Amino acid sequence: MAQLELIQVSKDFGKNSIIHGLDLTVEAGEFLVVVGPSGCGKSTLLRIVAGLEPVSKGDVRIDGRSVTKLSPKARGIAMVFQNYALYPHMSVRENISFGLKLAKIPDDEVSRRVTDAAKLLHIGALLDRKPYQLSGGQKQRVAMGRAMVRQPAIFLFDEPLSNLDAQLRVQMRAEIASLHRRLRSTIVYVTHDQTEAMTLADRIVVMRAGKVEQIAAPMELYRNPATKFVASFIGSPAMNFLPVSVFPAGTGMHRTETIGFRPEHSEFIPASGSSRLPPVVSGEDDAIIVGTGAVKLVEPLGSVTLVHCELAPTLNVICEYHGPNIPVPGDEGFLKIDISQLLFFDGEGLRVRK
Amino acid sequence: MSENSADSATRSAWLFLAPALFLMFIFTVAPALFSLILSFHDFKPFSFAMVPVGLDQYMELAASEDYRASLMATLQFAALVVPGSVIGSLAVAVLLDQTPFFRSIFRTIFLIPVGISPAMAAMLWVFLFNPTSGFLNYLLSMVGIVGPAWLSDPDWAPLAVSLTTVWKEVGFNIIFLMAALAQVPVELQEAAWMDGANALRRFWHITLPSISPAMFFVTVVSVIHAFESFGQIHILTRGGPAGSTGVLVYQLFRDGFENSRLGMAAAEAVILFIIIGAVTLVQFFVARYLKGAPQ
Ligand SMILES: Nc1ncnc2c1ncn2[C@@H]1O[C@H](COP(=O)(O)OP(=O)(O)OP(=O)(O)O)[C@@H](O)[C@H]1O
Ligand SMILES: [Mg+2]
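Sequence order for the protein chains is A and B. Counting from 319, one number per residue, gives the positions in the first sequence under the numbering used here. Counting from -11, one number per residue, gives the positions in the second sequence under the numbering used here.
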């Protein structure tokens, strides 16, 4: 377990600047999850840390020591690749012990470590198989075993579960979490999966176009996004945004151009009978009623029903519905929003705070 | 119903294949069978008479010192040419694989010798090998070495002939090896790099096993080509000096077309066929064993 620092790291591929002056500190033993849209440079970032890709500018430090010029093997880092990258001509045992053999670790120590890792990952029975004889989940475990036995200071994962089916993903997610609890190693983990990010991370980094948009603990990021981008990226279904007219000057809110609210902080209220008037909100000072909308799509998820509403052409929101009679597309209704949960953003997408 | 349509599909497949099969029978299978029959006969070229002699010609070959020497010359030739062209092409392919910029231009350059006829290629090398005015010895003289009489010294002629053959064949192998190298997943190399393998180790533990099917193919083809080489030997040395390059095919040519013993030549062809078949089979077994064995 080690602390990892990136200081003003930049990366260009030819004329394309992919990462621009990125600063990041991963504390020793921390589980840091990196999320961001496709092509924002997550894999490039991992490869820079691994030493597979040289930086164009900046410094990578492990426990305060610069490793920028060191080769991957000298950095004490292990990486688990998205498509496993198991050596196809070697058995599982040889795959796992390859790095140890190269490091000239004595045979009995090698076999002890392989046995330990195999036990931890439940692959003891597979040690003599070749990779083509394994299922996706088993390959993933072997890839993790190969990383583990080297006892690296830092683990890097690049979308390790994205090739697995949903059920296996849930299971492996739990296992990675328990592995981290046990090994207490520093982990940098790239994923596209919201749930993975929220459940695994000590902190989440949201990247956008080669920059860090925000770093925070999962719930903090969820409740308190610093920008509209983060607000829209974290949470599923995504946050709703409505354009608003200018707030009065002097309130501190006059820069606000967009308000945002999450589906769970809004409720669909069906128009009762022929009434096109909004119901009176009484005794609920912190709720407002916003215009009328037509139901476009209904998603009953069991515990809650999601209603997609069209407030105006091209202005759609998703809100929850808790009542007994589930609406159908075409129904009209009102949108009730919890004011205390409203977020305000300016024209640049930055949060405006009261 | 489906059986029927499968049947008719098979039938029309045979129909489409028939012309090709017919030509193949006329030009490949029939002559081969005829050679086999011929090898048990003494063929008189002027009277076109075929006198059955049973295994006599095979016995004569088995007892012949010349034939044994020819076999040795062939093995020596193959021992020089096969490693030369396989390892040489592997080295070039790996180098080109690392330098994308030069890749296609050099691939083309190395492919040129494959395209020209063995006779043309050999003529070129006759000039290069010339002991007094040849370019090779000129180069050697620049570093203070007096070059050998490449083609007339029995110690050097096998090497000269092999060199020409390797030069002519590497391009073919390079194509296949480069294609195989391009298929090796980059991630495997990177994973091995992270596991602490340096470039040499990565080549040995990752690249080589990954391209082993192509290596196998290239080796088998090189072995077959080595046993079948004729044109360049005919032009460069005519099997000489002192029989040092008188490989089996050259011996066959001489018996058949200079000594007019077509029956004998046919027997030699059959033996050559058996040798090549046996060597190829052994290679297949070795490859299967290596694949099955724990690394
Ligand atoms: N070797 C390379 N040469 C040139 N451009 C590259 C190279 N590797 C990556 N890029 C570019 O850098 C950008 C970031 O790529 P990267 O793989 O880091 O994205 P990512 O965030 O991992 O995306 P994804 O979520 O799709 O995996 C992309 O625009 C990509 O085209
Ligand atoms: Mg990626």
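Source of the hints: derived by calculation from the structure; they are not laboratory data. Among these hints, one or two may not hold up.
Stated by the list, open to error - Within a straight-line C-alpha distance of at most 20 angstroms, the following computed DMTMM-like cross-link-like pairs (lysine to aspartate or glutamate) qualify: (1) B:K279 <-> A:E323; (2) B:K32 <-> B:E48; (3) A:K391 <-> B:E175; (4) B:K279 <-> A:E412.
Said to hold, decoys possible - Covered stretches of chain A, as calculated for chain B (at least 3 residues, CB under 8 angstroms): (5) 417 to 425; (6) 644 to 657.
None of the values given here were measured: they were computed from a predicted structure. The beta carbon of each residue, even a glycine, is placed where N, CA and C say it ideally should be.
A quick look at each hint next to the structure:
no. : hint              : in the structure
1   : B:K279 <-> A:E323 : violated (45 angstroms)
2   : B:K32 <-> B:E48   : holds (18 angstroms)
3   : A:K391 <-> B:E175 : holds (15 angstroms)
4   : B:K279 <-> A:E412 : holds (15 angstroms)
5   : 417 to 425        : holds (count 3)
6   : 644 to 657        : violated (count 0)
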